[in-house]
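*Asks:* All chains, full assembly: derive it from the sequences and hints.
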Amino acid sequence: MESKTIYNGSGQRMAQEIRIEAHGKGGELGIKNIQYLMGMIESLKACKTQQEVYDRYMMITGYCKCCVNSEFLDEKSADDLMCLAAFLAGNEQARAEHEQKGGKA
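Quick note: to get my numbering, add 1 to the position in the sequence shown (first position is 1).
These aren't lab readings, by the way, just hints derived from the structure by calculation. Any given hint might turn out to be false.
[To be verified] Okay, derived cross-link-like pairs now, DSS-like style, lysine-lysine, Cα gap no bigger than 27 Å in a straight line:
id : residue 1 : residue 2
1  : 33        : 77
2  : 102       : 66
3  : 77        : 66
4  : 77        : 49
5  : 102       : 49
6  : 66        : 46
7  : 49        : 66
8  : 66        : 33
9  : 46        : 33
10 : 26        : 102
11 : 102       : 5
12 : 46        : 102
13 : 102       : 77
*Replies:* Have a look at this one:
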């Protein structure tokens, strides 16, 4: 996993880019499954409640394990992907909690 922080002209942090190299096999079907998994991770942002974030995260972990069992992902790629998913889920749970208390993200 590689991480890069992007700053604006005045030195303020604007964004963080995280890259994960996914290794595995499975050809076209494997690629589609990994793309679906990435879509599931991306969909964490659409969750409205902490419970929705948790439920989505649990679906991601199960789907990731299936991708490993089917050899669409190797163990290291899956570990990196799950570290990213856990980090994002934590952020989204905090966002959802803040929004439920009447704040805006």
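*Asks:* If you check each hint against the structure, which ones fail?
*Replies:* 2, 4, 10, 11, 13
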